[in-house]
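Chain by chain, the residues:
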Amino acid sequence: MADSLLYILFAPFVGAIALIFVSNRQAMLVRGIAAGSALISLLASLYLFYAYDHVKGGFQFVQRFEWSRQLGISLHLGVDGIGTPLVLASSILLFAGIFVSWHVKDRMKEFYIWLLILAAATIGVFMSLDLFFLFFFYEMSVIPMYLLLGMWGSHTKTYNEMTDPAGLKLRDSVGFIFNFGSNSKEYAAMKLVLFLSAFAVAALMGILLIYKYSELNTFDILVLREQANLMNIPVLGTTLDKIIWILIFFGFASIAPLWPLHSWSPVGHAAAPAATSMLHAGVLMKLGHFSIIRVAFEILPETTRELMPIAAVLCMFSIVYGGLVAFYAKDTKYVIGYSSSSHMGYVFLGMAALDYISVTGAVMYMFAHAMATGMLFAMAGWVYDQTHTRDIPSLGGLSNRMPFISGCFVIACMASIGVPGTVNFIAEVMIIVGSWNKYPLQVIVAVVGIVLTLAYLFKMMRGLFFGPMDQKYSHAHDAVSFPDRLPLLIMITVSVGFFFFPMHLYNVVRSGVDPLIAKIIRVVPVASQEHEPLGVKRDARANSSPQNLATLPGDLSSLMPGASGSDQ
Amino acid sequence: MTFELTMSPSDLLLFLPEILVTSWLCFILIIDFSFPRLPNEQLAYFSIAGLVGTLGCLAWFDFAGITGALFGNMFVLDRMALFFKMLIVGSAILIILVSIDYIHRFKVFRGEYYFLIVMATLGMMFMASANDLLSLFITLEFSSLGFYVLIAYLREDMASNEAGIKFFILGIFAAALLAYGISLVFGETGKLVFSDMKMAQATPGLAIGFLLIFAALGFKIGAVPFHSWIPDTYHGAPTPVTAFLSIAPKVAALAILLRMFLVALATFKPIWVLLIVAVSVLSMTYGNIVAIAQKNIKRLLAYSGIAQIGNVLIGLATGTKMGSDAMLFYLLTYLFANLGAFAIVIAVSEAIGSEEIDDYSGLGRRSPFLAFSMLIFLLSLAGVPPLAGFIGKLYIFIAAIKEGLYVLITVGLINIVISMYYYLIVVKKMYVNEPRDRSPLKISGPIKVVVYICLAGTLAIGIYPQPVTDWVVSAILVFSNVADPTASLPIPPAVIPLGG
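Protein sequence lines correspond, in order, to chains U and D. For the first sequence, position 423 matches number 423 in the working numbering, and the numbering has no gaps at all. For the second sequence, position 443 matches number 443 in the working numbering, and the numbering has no gaps at all.
Incorrect hints may have been included.
Unchecked claim - Listed next, the in silico DMTMM-like pairs over lysine to aspartate or glutamate satisfying Cα-Cα at most 20 Å (straight line):
id: 1; chain 1: D; residue 1: Lys107; chain 2: D; residue 2: Glu350
id: 2; chain 1: U; residue 1: Lys105; chain 2: D; residue 2: Glu434
id: 3; chain 1: U; residue 1: Lys472; chain 2: U; residue 2: Asp391
id: 4; chain 1: D; residue 1: Lys402; chain 2: U; residue 2: Glu215
id: 5; chain 1: D; residue 1: Lys269; chain 2: D; residue 2: Glu350
id: 6; chain 1: U; residue 1: Lys519; chain 2: U; residue 2: Glu306
id: 7; chain 1: D; residue 1: Lys107; chain 2: D; residue 2: Glu141
id: 8; chain 1: U; residue 1: Lys212; chain 2: U; residue 2: Glu226
id: 9; chain 1: U; residue 1: Lys212; chain 2: D; residue 2: Glu188
Claimed, not checked - In silico negatives: residues of chain D with every beta carbon more than 10 Å from chain U:
id: 10; residue: Asn40
id: 11; residue: Asn161
id: 12; residue: Tyr286
id: 13; residue: Val290
id: 14; residue: Lys428
id: 15; residue: Tyr464
id: 16; residue: Pro465
None of these hints come from the bench; they were simulated from the model. Since we're looking at a predicted model, the values are computed, not measured. Every residue, glycine too, gets a C-beta built ideally from N, C-alpha and C.
Extracted from the complex, chain D is given alone in its bound form (with noise of 0.2 Å):
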């Protein structure tokens, strides 16, 4: 297999924003070396606005629709992986807010910490790009770096060291069991790229194959039976990075899976159906009856969080354009609420030293706006309209239902009312039980600016979202690869009689 690097200035172009994260690396990297003393907000505003660049850029490409593929369909840069992109920079730029003041608690090595944050995005930002086994690996692996010693990143503390561990081991068993899979479906098939893997035979080499890839991604999405590392990580780990390992790895290898199964494993839809439903139910359930039992909100959100992934794998189970549709629209209120949530956990363990849920007692007295924000947020991850969770719950379904997914579509609005237990507990806790002590908590610029951005797109789309859903659509529609791309294109409503 040759390569053949054939790149004129125009394929490029279609790097900038790769390129201008890995300058912008560079360039943290030197001003935090150069300049031992400047004051950390600088360097955290510093790389923000190199962020802020190329989410600009990347919001130019898509409306400028300049897309293509690199590297003989290595690297392909379509609406979707745009929109991943996004996803995954926004969500950097509201961690490293978040983070400004989460810093002080690193004794050392503060300046590194965002260029690991940069360092992560850049390797997620790849992997929402790749389009065949080798760049799955390299991205996969490439992103997971930055995460190994930011999750151990508070060295004094046992528990984030615990953590680090736990998800350095497990990952590198997971790019173990990744580098299998992909051995055993290259000599299976002959191919790397997902596009070119449709012709394949279905042999049982392949299916394990597959089957070790799709383990290893489960890894990464936190599913379950793949899911062991979560909830200690995420509880060890410092909050900032917590929030950022709910969503932005979770999303990129999403983008990843859409492009296995709908494309490289188009054919082959009714037996992986079986699996993503069984991985989705499991997921589902266990994630919610998990969660009510948590005393600690951070590991209430990362049970949640394992409970948020199998509702999105029930998008990737309809195997249809609509469901890839929902699983974007999904994810993008996941990113609100869920950053929203951890923003708040933010707030609250800096002013009180706390991150059990029984200290949120009485929240609603010390800080109404926190509560209330906090409010907003976990009932929209509960899927209670008229927040973004219900909308993006409810375009699941009626995805799933019109594929008949009617176990999924049970399982999952069961579920619906099992996690508003365990939320309404945390509401409970805020809003009815008494505070122990009534000073007023205080909250900083950067966390309030964040807690704003997240209010706003919880509700704004809870309210209005046909913009969001047009660009998801459009969206899919470039990845013009999916199962049935006919398959539920908007049918114009039926005339309506008024009046009758």
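So here's chain U without its partners, still in its complex pose (with noise of 0.2 Å):
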């Protein structure tokens, strides 16, 4: 199963093209087709996730294929202890997905194949090795989001009889783009192409510098970053490196979404289809910090640890800003989407502090969210479609009616908490320990990020689900079928089980971000410089008992509740 990234890329696709054959009548073979193509998807990056062979590290399950030897482009895919926990995260997410979109009926075919087509661009994203196709992938996730927002989307219920100052429905005027009191779909969508794209365009810029001034004519990550001479050169006095991390970085940011550049990412999250959303606010937003991790930490180590203060500051913005708009917000998506882009600062903290831990933690606090995220979002849609209001306020007493998602939803808020129980709570643990030397404000700000976390969830959660119902939600149902209640069990499985065996995950996960933090920060415990495999020094600190990774500077294996043994 060398090809297994294949299997997870190309599954979806193939499944999306075999949808466009298929009738809209034929609601089950539709459904069939687009689960099985994602199980199928699932079961290879289970594979990829349980065969990774975290001693060896470095980039594996490498496939090349020359695409144009003119532009010096190959569609290079591999995966390291970085993108594996993200492409399962996506293909949990995918399937599950289709399983929460199982009672979409309005051209349920054409859903599908938008739906399969934007898993597998941000899955492609993931295991790219050639900055080309990163930004292919990255480019091709966006207009299914488009699609899906806009055909399958929702919006408050005023919206549609509003007007503008032309006497126009709001909804058909051209300049609905420059309306930015609504929250329609057609403007959330909007709003979410043209922000990504424009800042798509700066990372592109920024990839074409790296094109340029490597003179390598290649795209190709692995060479770039052994070979790529960027450093030194001075452009408008300032030197070249800086302004390409500039333009990579927030040109990616923007997606993750940092502070100033969050503002679509709400409104779209509010629009979106369940299913959109959790693969949104799952993995979608994790394409951010992958590709600045990928692209940015690579191949511009040292200016990375220039410049990465910068994330360390706004990710404190992030943090209490998103968590404030959340604990005003009344809507439930609305919660939950500014809730995710205040968790995302989370991981800018992480990948700032450039530590070891808070690294390892960042990334594996990807993983834990895109579950906890996604458990919220299916569950909010969930209660969006059996009430057809997203506004808290109004709501109350579900927990009578669907005890089956009350109980699943405060799981959800434990998760989402970082509540011990489930995985976030390692990878926040970790992100606070890693980053209290170096960012001790942030640290404290992130403290109060949680408290806040906590305020808005359980607020939500009693709004929702607890004190009086309002009579006219009692035909509301509980998941009571199995399609129904499939993905949120999957999902807390993955958030629980993590949890109690945490240490396959951040074995792999360390096996990624250590040679990279260590090529960044320049301690050295691998002879990187002279091209030797990675394996060889890892290899014999592997040979020795995991305990001994406590050698290495600021480990937190004894943390570990699978390593120590003790439970909690």
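Put the complex together from the two separate chains, hints included.
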């Protein structure tokens, strides 16, 4: 199964193509093809996660196909310890998303086609080792979002009646894009695409500059990180590497979304159908962090060390601003959307600290957050489908009608907060512990952020499920059938399971983070300068028991429940 | 100056595609006049058969490497000319296919319509081979002749007449500029053939002369500030003619521009780069910004075409071999996406009789096939992966960044985002808005064929561009007078350490 990456990447594409030839009337066949192709992808990525050799480290399952000689592009796929869990998270969320959208009635076939393309494109980014294809898949994930939001999204009820000054229905007016007050799905979709495209072209500019100044005539990340010499080229009163880094960082941070660039994200979440929100918040946002790690960290390590404090400053605003807005928001999806953008601040904090533990924590947090926020959006979608409103004050007492959903919702909130018992806890603790030495202020802010998370999630939970219930919701159904429960059960299992057995996840992520951070902070535990395979010294390290990991600076393995053997 | 007309049979062979088309022109006329009751489709398929034969002949030339020059370098047949001719003939075939149903709108002279299309094609085929100022003038006017009539073909429609007159007056004006420019250049250099002008001295007369020639060609490709005829003409002309106008003359004029700038003016590159950069920036920005406000799909595509030409000119501004490769590549992707989009405009206007963007509301429900294809074509025009347009744009940007044209690239990238907006407005109408009338649309067979061909081209080039890049690279390789032919020969990629 050395080619499992191809299965993971192309199964959804093949599924999407197969769906074109199926009629919308054969609902079960449509669902079956979608679920089947997602299942192939999921099984292959489970195998990938299981078979990834963290002792060896580096990029594994590598596939390389010449794609364009003139431009120096090859379809170069491969995963390291950072990509592996994110590929797994994507395919879990895709599989879950298929089931969450089981009851989509309108143009179901098209819905699944775009959902599969969206997920496959996302997965493609996580396994690209070629800057061109990284960007290719990145851009490719944007347009399906537009269609998913536009065709199957939802907006607040008053919006349909709103008119612009000329008396036109707002949703038909050309100027709707400038109507910042509204949260229509058209507005959200257009804003999302324009915002992401605008910043994506900034990143593209950075990529093109890397291509030009490396003078290697290749987009291959592995070549560029070894051979590209972009340092100390004076440009416009600064140096080129800084300009490239800024372009790359902000280009990709927009999708993450970092604080001043976040505004497309919550409206996008709110307008999107449930499965799209899941993928959007669960994995699409991680494209930003991942691409920064893959491009900026790998190719410009020294500049990263110099400029990463920018992220440390901005992430505070992300955490607090997102948390506060989420606290005051009255729309379930807005709460979760802002909570996501707040939580992405933790990832930036972990990345900014450039510490072995904190970056490992950040990557694990991406994985953990994908599950937690996926559950929350799935259930917000369920509640919306049943009640046709997202307005928290008008809801309440739904736990009588939907005990299973409300039970899962409590677990999802716990996971999102980072209560022990979910993998989010481990990741959060690692970020906080790892960043403490470098950024104590930010850590304090992050802890405040956790309290805020607690506050708004509990507020929302109470608002939705407890207290008196309006009688008009008495027809609301619980998730009883197997396809309805399956996605939640999967995500809960993953979230809780990795709390009790985190060591493999930790080891895999760590094997990806170690060489990267070593290169950045110039502590040299591995002889990467001589092009020596990373495996050599890692083998020696790994042959001694995992406890010896503690010999590396700032190691946290004693905190891990799986390693210490003590249950919490 | 004397022309020695020594033609051997093997020289005549170089003319074979043109001879084929010329004889086919006569056949079309003869058949049309001899069998007035012949159904139009038959004549259309007859014209297509001839053009397909020509295309096959061109492909054979390309494959067999038959190249050469005639009439003292007036007429050259290198592989670049072959590439452009294939583009022109290919687009003519697709245009005739989409016209088959449209033609019932013409009350009279239906047979001559095909004659004129093929005649314009012939003119543009000569244009692609024109290598001196005289043949430039003759072929340019020859190709315009057909269009003067074609644009005004809807005789009852005032808009069509207006479009025809506008195009005619401005076209004649451009021809005058061209003639004046040619006389100035000839007066300064005493040469007519592009490749003989390399040693020319920079004099004001020469500069003005070339500026005037550039203006005339800029009129053909519709670059700002020579674009003013485009929106009204595109809007008024019969839609298949608009589609033809939006690709073939541009392709042919760009062939001449390539020869002129990269051969005749190679030594003055630092000067004309500024001119091309300015025109390119203006075209992209103006075209995209004005397109936002359009309510008619043909006008939207007209303005988007202006912007696309701005993109193509980035490739010209590089002045390198790679830039020219990228231009050819881009034109091919543009041909598929643009003709596909126009085919759908024709299909929709046949079905619902409207070309307003508002009437595309709910197309996704009324005809999923048309809506999906339109989506693909518009996104390819916008430059979204995995479609051909994305690769084309990226190819041009890569060529440009190697030359350090940062301003152009920045403007080009920003314009991608702007263009995304208006293309997505159409997508929004098609998919998000609800249709007023839910009845499904009927699509005729020939249009479906065109849409399928364009879809296949757009997707195939986007997913695996290697064969096409090889083709364009070899097409420009033989066109060997490029400023610095070694500038961007592919460097073998460095050794890749795996697993590290």
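Each hint, compared with the structure:
Between D/Lys107 and D/Glu350, the direct Cα distance comes to roughly 16 Å. Compliance with the 20 Å bound is thereby established for this hinted pair. About 16 Å separates the Cα atoms of U/Lys105 and D/Glu434, which keeps this hinted pair within 20 Å; it holds. Proximity of U/Lys472 to U/Asp391 is assessed by CA-CA distance (about 14 Å); at most 20 Å being required, the pair is judged to hold. Restraint check for D/Lys402 and U/Glu215: satisfied, since their Cα atoms lie roughly 9 Å apart, inside the 20 Å limit.
Our distance criterion of 20 Å between C-alpha atoms is broken by D/Lys269 and D/Glu350, whose separation comes to about 48 Å. Only pairs whose Cα atoms come within 20 Å are accepted, and U/Lys519 paired with U/Glu306 is accepted, the gap being roughly 13 Å. With a C-alpha separation of about 27 Å, the suggested pairing of D/Lys107 with D/Glu141 is violated against the 20 Å cut-off. A distance of roughly 16 Å separates the Cα atoms of U/Lys212 and U/Glu226; the hinted pair therefore holds under the 20 Å criterion.
Proposed proximity of U/Lys212 and D/Glu188 is contradicted: the alpha carbons are some 40 Å apart, above 20 Å. Distance check for D/Asn40 against chain U: the nearest CB is about 34 Å away, which clears 10 Å, and the non-interface claim stands. At the 10 Å boundary, the C-beta of D/Asn161 stays outside the reach of chain U, the nearest C-beta of that chain being 30 Å off. For D/Tyr286, the requirement that its beta carbon stay farther than 10 Å from each beta carbon of chain U is met, with the minimum near 19 Å.
For D/Val290, the requirement that its beta carbon stay farther than 10 Å from each beta carbon of chain U is met, with the minimum near 13 Å. Once the 10 Å rule is applied to beta carbons, D/Lys428 is inconsistent with being away from chain U; the minimum gap is 6 Å. Once the 10 Å rule is applied to beta carbons, D/Tyr464 is inconsistent with being away from chain U; the minimum gap is 7 Å. With a cut of 10 Å on Cβ distances, D/Pro465 falls inside the contact zone with chain U, its closest approach being about 6 Å.
Hints 5, 7, 9, 14, 15, 16 from the list above are not met by this structure, while the remaining hints are.
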